[in-house]
Structures are given as C-alpha cells and as structure tokens.
Amino acid sequence: MAWDIEGNEKWTYEEIPLGAMTLEGGTGTKHLTGDWRVKRPVWDSEKCIHCLQCWMYCPDNSCKAKDEKMDGIDYEHCKGCGVCAQVCPVNALTMHVEKDIRAKGDEKELHEHAEKVLKEEEGK
Amino acid sequence: MAEKKQTVMAASGDQMVAEAFRQANPDVLPVYPITPQTIIVEEFDKFVADGKVHTEFVPVESEHSAMAAAIGASAAGARTVTATASQGLAYMWEELYVAAGMRLPIVMANANRALSAPINIHGDHSDIMGCRDTGWIMLFAENAQEAYDDTLISFRVAEHPDVMLPVATTLDGFITSHALDRAELMDDETVAEFVGQYKPAHSLLDTEDPVSYGMFANLGNFYMETKLGQRKAMENSFKVLREAGAEWEKLSGRPFEFVKTYGMEDAERVIVVMGSSIGNARAVARELRANGEKVGVVGLRVFRPFPAYDLVAALKGAKAIAIMDRCETIGGQGGPLWSETVAAMATAGVSIPTRNYIYGLGGADVTLEILYQIYEDLKELPAAAEKGDVIGVTYVGARTSAKDSQSNLVANSQTAAHKG
Amino acid sequence: MPNLTEIRWHARAGQGAVTASRLVAETAMDDGQYFQSMPEFGAERQGAPLRAFTRISSDPIEIHNNILNPDIVIVLDETLLPTIDVCEGMKEDGILLINTRMTPEEVREVSVEVPAGVQVRTVDASNIAVETIGRDIPNTPIAGALAKVTNVINVDSLKKYVKNSFAEKFPEKVVEGNIASIDRAYEEVH
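Protein chains in written order, with the working numbering: chain A, 1 to 124; chain B, 1 to 420; chain C, 1 to 190.
Check each hint, because a few of them may be wrong.
Result set (PhoX-like, lysine-lysine): computed pairs, CA atoms no more than 25 Å apart in a straight line [said to hold, decoys possible]:
1) K52/B x K10/A
2) K46/B x K169/C
3) K199/B x K232/B
4) K52/B x K173/C
Computed, partial: chain C to chain B, Cβ under 7 Å [to be verified]:
5) A25
6) M29
7) D31
8) Y34
9) Q36
10) S37
11) M38
12) F41
13) R45
14) E62
15) I63
16) H64
17) N65
18) N66
Chain C is nowhere near these chain B residues, computed Cβ spacing over 10 Å in every case [what the hints assert, rightly or not]:
19) V98
20) E265
21) S351
In case anyone wonders, no lab produced these hints; they're calculated from the structure.
What you are looking at is a predicted structure, and each value in this text was computed from that prediction instead of being measured.
Every residue gets a Cβ at the ideal spot worked out from N, C-alpha and C, and that includes glycine.
Extracted from the complex, chain A is given alone in its bound form:
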C-alpha cells in the first residue's frame, strides 16, 4: 500500500499497517516543515569554504551538498533551528527574520521552489 500521509486520519483499524508501521522509506520528505520557520538561514556562497559542518549538523537534512560541496538550503524542510549558523566557522550562514524576507517579495520564489520539490517527489 502506498503511504499517503493525507489520508491516514480516515483509516479504520483494519487499514492501519500492523503495529502502525510506515510501509515506505523516506516519507519525511513529504512532510513540508519549511513554514514552521521563524528565522531563515541565508547562505553566502562567496564566504563558504565548503567544510560541510552545516551539512553534518543539520537535523533535517536541509543543508544540501553536491559533489562534496555545499549547495544551498532546502527551504521546504528547514525549520530554522539555526544550528548551521552556529557551527559555520566563517559566518557564511546567517539567520534572518523570515517574515522580513517574505515581505521583501521572496515569497514567490519560495512557492515556485516548493512546487518543484513536490513534483520531483511525485515523479519518483
């Protein structure tokens, strides 16, 4: 059975997988937690030395790495905890108030990105 997080509140006891098991891997990606964020980490690629400390510390796999290099932040899942900014040795990551950034009109960009991520997930 494909695991649909949207539908589980309607399951009867017979429909729930045994022991309330999740019958699919990596379902956390379907749960978009980016809108929990009060503060947003902003990455400065100029300053970054690609030590990947942020990638190691991020509890939500939201510091993305590509070819052993830092590759930006997944704002769909980043909850804004700020650990990346704390561990960054060169201040390439800084925390900013989310609503201020949104007020500047970055909201649209954010939304487009969210749609792209969801499409990719469905494609899998």
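Given chain A, put chains B and C in place with the hints provided.
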C-alpha cells in the same frame, strides 16, 4: 516426519524453558540475569557456547536495555526471546507496551517473583500481574512440564499472522523455576516442525522494502484504532492458542487447556487458582472428595486473553467460590484474578457468592492446611451471602492479632463497602 | 498419596546436599518413579546451614510446598545437631540418618532428643568418602546408606546411575571410588 521421541528429564522449570528456547532456535536473545530466572540464562548461554543454537546472545546492562534490544531485533525480523523476573520485569514496564503496540512477536519467560519492598527473591505473582494491561499474552505454568509446553506453544501464537503479539510464559519463582521436577523433552526435529520458521511480513533491515517502526499517532490520528487492532488480535489469539495447543497435544499427549478443572462435574465448593498452587488445591480436593465432599478446583493456565467463557462454563454449577490471588492490589476491591472472575460471571448473568484470598506472597508456603481451611470457610459462604454479610479480602498464612481473625494466620480486610 | 516418601536434608552449604538430593531423585527417575527435589534458597554462603527436600512417589506429584512432616531426615553434618532441631515435624515412625562416627545409641544418649518411634541410623560417610573417593564429600555414600535403610531407592539402580552419569564428567578412578563408597556405606550403616 521422523518418529517422535520424548525423553524423561529431571530438570528445573528454568532448565525446561532454556531447552524450549534452544529447540525454537531464536535469532536473538538479549537478556539480563535476575533471580530466579538466572538458570534460563546460564543454560542458554551454554547452548550458545557449545554451538547447539545459532542465536545472537546479547548480554545487556539492564532489563530496560534487554527489552529495547528485543524490540529492535524483533522489528528487524528476528525470532526474539528474552527472560526476566521481578524488578527486572518492572524495569521493562514502559517497553512492554511498545513491544505489544508495535505488534512484535517476542516470547519472554518470567520466573514470577515478589516485588520490593521489603526485598524478597521468592515466588509470587506481584511482578507479572503488573503487566496484565500491557497487551502481552500471558500463560501460567503449573510445573516444569507446562513451562516447557507453554514456551513452545507461545511461538506459534505470537508469530501467527492473525495475532502478532508478544507472549509472556510464566513459571513460579523457585517453586517451579528451581525445583527439580520430572518433565518430558520432545525430540528436536518434532519441535522444529511444530514451531516452524518465523517469516516476518516486513523487516526493518530490508533495504528493498523500507519500513519505519514506532511512528507518531497524535490526537485524532489513529492511536485508538491501533489499540482496537491490538484488542482484536488478542481476541484472535483464543483460536490460535486452542489450535496450537491441540496440535501439541497430538504430538506430546499432554492437553493444553485454558482452564483446568478437577471435580467440577458436581463440585459445590470451588477453589480458583493459578500457577504452582493448582496441584496443592487438587491434592486437598482429592482427599475431601474421597470422603464424599463435593469440592473442586479450577486452575487457569491462560490469563491473557482472559478465558471468561471457559471459566464461567466450569464454575456455573458451584455454590461457593474461593478465588486465590498470589499478589496484592492494595486499595482495590480484590486481586486481579478475583476481579476478572467476578466480572466474567456477572457478564454471563451467573451469580455465585465468592471470597477473595490473598496467599503465598513473597514465596510464603502454600500449606495444605490453608486449602483445607478455605474449603471449610466456603461451607459458611452461601448463608453469609444470603444474610448480606460483607466479607472482604482474606489474607491466609499471615500472622495477625486482630480479634476478627479466624485463626492467628488469617486476617480479613473489609475492603468492600467499608463504612469507616 | 500413600506411597509418597518425603525426605528432608540438613547440611552446610558446600557439602553437596543439593547434589545428593538430585542423585536420589534421578535414581528414582531411572526406576520409573516420580520425584521432586528442591533446595531451600536463601542467603547462599559456604558453611551456612541449609535444608533441601526430596519427594519420591510412584504417582505423579502435584503438590508444591515445603515438606513439614518428613518420613526421612538426613543429616550430612553432625555439627548441626546441637543447634538445629533436625527432628522437627518428623513422622512418628520416621527414619533419621546421620553422617557420624557415633552409633545410633550414642546419638540418642549424647546428641539429640529423638522421639521414641523414630529409628536412628548412622554411617561414617565422611570417612568412607575420604577412603574411597579421596575427599570428604559424604553425599554419594549417604545415598548408599539410604538405599540400605529404606526401600525408597534401589542400591543397584543408584550404582548404575552413578556409573552412567559420573562417567560423563569424571575419570574412571573417581567413578569407581564413588561406586565403592556406595557399597561400603550400604554395608557399614548402623
């Protein structure tokens, strides 16, 4: 099938459980030793050292860790067993619910023992009754033979697709766990065929079929539905227990009954009891019946699921019933066996006066005199009930100076309808 | 259960009373009898007085309680006699078997108050053990003496059991020593 062969053994209950574990060849056994379960661990460790089983024996640092490791191993799809007693079982407590809620077919032996304080290493049911609401199937062995048979039957029930619940097979500390008893050991091949292979539907370690255990079921999500699923599985276990028990009887010649009865074809005065004291009651009833007294014994081997139907069917001809609890529910109306029995009779519309006896705490000797006394007490019970006398919980075998006691070893405690 | 025999053992921890009660139980098993054997568990330390219990019957044994009225009491260590009432609860016509150099008469005169109906039997099991096995482990010879003074176990069955079960663990010399200790205790018991 090769011709089956049973060997007569002189063995303790713990040794017989260890033999049953060996024959079931579990994948993982995480365990922490505690008296009076220790022999199970020692014997099994020898089997591992001698290469007689291919089990991953995990000596952990506490019972909490033992159950945590058992949960992990079982979720990974391993046939998992463990054993404990007393404070150890109490230390596992929160995780007993996890094992049952995650529907992991762990088989655990418990050598029933008192709980502190005061500290006491001997046999009673205080520890195991603490897990009666955790969602585990619970079996009570009367002797070493039943401890062996119950353990083997447990695998069949726990791992059945209609059940998938953990099972606690219990034996009374020292009395059954340590005393040398005569027991028959079935040959390995017959047991292997009876127990079968555990084929889990999913495994936590299977990367081709990724699953997650222990997920979050919040308000309005599916927590209640999951609990209902456990209850339904427990109901299903009646049928599976009966079938597996019947199959084992065919192989071994020993019946597996939820409720064992003696003299119940005409008994008017009846003792209801569990564990190693069933035989004591039977021996006394046998003597009294030889003198023409209509007495009987009902012994429970299965406590979860509670065999209400079988129990009421056995009891409905009785005129006075003594229900014996080897543990306390201080502040409650009576012990757990009493509560369940009375509820079962009330639900079935059967009204027979009962008395609740608390006995044998901390391994206190269950003398035959105690049982003669109880059968004697029961003569007065119907008339007392008729008059509306309230008889509360009765302690037998405890010293008292109270004026209302019938002897200096019997004290009544007016828990029911106490006016203060 | 009229054919039920109940035995209580008195010894000090480390003297092999538990092994002896097991020896008697397993010999009875080989003869098709039913049995129970249970040590009394408490503080387990070398030299502490301890008790063990054995039941033998031709019928299945269903009771699980302490033996309060033994048919037979076996004392593995005579130094227990002044401090412990070994006759407590004994059947009126019971048998008291003691590992001692004393004769039954001496036991009655100097050592313990024994009820008139109780039969006192003695055997110097420690000395026999030293001479046959080479160590003061009186449990095997005392079982031989038990076979002589009661019919609860058979001496040939006992020797057969010792031969078979000891052979798995001990060299032949030890097995032979144990068999010899049974024969001597069987002959020398007063």
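Hints versus structure:
no.: 1; hint: K52/B x K10/A; in the structure: violated, 49 Å
no.: 2; hint: K46/B x K169/C; in the structure: holds, 16 Å
no.: 3; hint: K199/B x K232/B; in the structure: holds, 21 Å
no.: 4; hint: K52/B x K173/C; in the structure: violated, 30 Å
no.: 5; hint: A25; in the structure: holds, 6 Å
no.: 6; hint: M29; in the structure: holds, 5 Å
no.: 7; hint: D31; in the structure: violated, 11 Å
no.: 8; hint: Y34; in the structure: holds, 5 Å
no.: 9; hint: Q36; in the structure: holds, 6 Å
no.: 10; hint: S37; in the structure: holds, 4 Å
no.: 11; hint: M38; in the structure: holds, 4 Å
no.: 12; hint: F41; in the structure: holds, 6 Å
no.: 13; hint: R45; in the structure: violated, 15 Å
no.: 14; hint: E62; in the structure: holds, 3 Å
no.: 15; hint: I63; in the structure: holds, 5 Å
no.: 16; hint: H64; in the structure: holds, 4 Å
no.: 17; hint: N65; in the structure: holds, 5 Å
no.: 18; hint: N66; in the structure: holds, 5 Å
no.: 19; hint: V98; in the structure: holds, 33 Å
no.: 20; hint: E265; in the structure: holds, 19 Å
no.: 21; hint: S351; in the structure: holds, 31 Å
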